[in-house]
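> Sequence:
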Amino acid sequence: MNNSHMFEWVQACADDAKSNSPFENGPRITEVGMLGVLALRMQKPIIWDAEKRQAVGLPEADAIIDPKPSTDKYLPR
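To get this note's numbering, take the position in the sequence shown, counting from 1, and add 41.
None of these hints come from the bench; they were simulated from the model.
Being a predicted model, the structure only gives us computed values, none of them experimental.
Beta carbons are placed, not taken as given, at the ideal position from N, Cα and C, and that holds for glycine.
Don't take every hint at face value.
Said to hold, decoys possible - Estimated spans, in silico, between C-beta atoms of each pair:
(1) Met47 to Pro100: 27 to 35 Å
(2) Met47 to Ala91: 27 to 35 Å
(3) Met47 to Pro68: 17 to 25 Å
(4) Val78 to Ala53: 25 to 33 Å
(5) Val78 to Ala58: 13 to 21 Å
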């Protein structure tokens, strides 16, 4: 039995089983990474309000962030 990460993910897709790295975690993980890139770019720490999808007290960061999630299935915004 192959227990690699890729095999486990494919098996979860094929068998509708639970993956060790669920796809639904991807957006939040990506958001954290992108906020890190933004903080490095701005050379300032960012306090993130996930509910409002904006930086707290940092309007110059909000000017760069597009808070509207893409709903057009993988089409560029």
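> Now, for every hint given, state plainly whether the structure supports it.
Hint check:
For Met47 paired with Pro100, a C-beta distance near 42 Å fails the hint of 27 to 35 Å. About 30 Å separates the C-beta atoms of Met47 and Ala91, a value consistent with the hinted range of 27 to 35 Å. The hint said 17 to 25 Å for the Cβ distance between Met47 and Pro68, and at roughly 21 Å that hint holds. In this structure the hint that Val78 and Ala53 lie 25 to 33 Å apart at CB holds, the actual value being about 29 Å.
Evaluation of the 13 to 21 Å hint for Val78 and Ala58 yields a failure: the beta carbon distance comes to about 33 Å.
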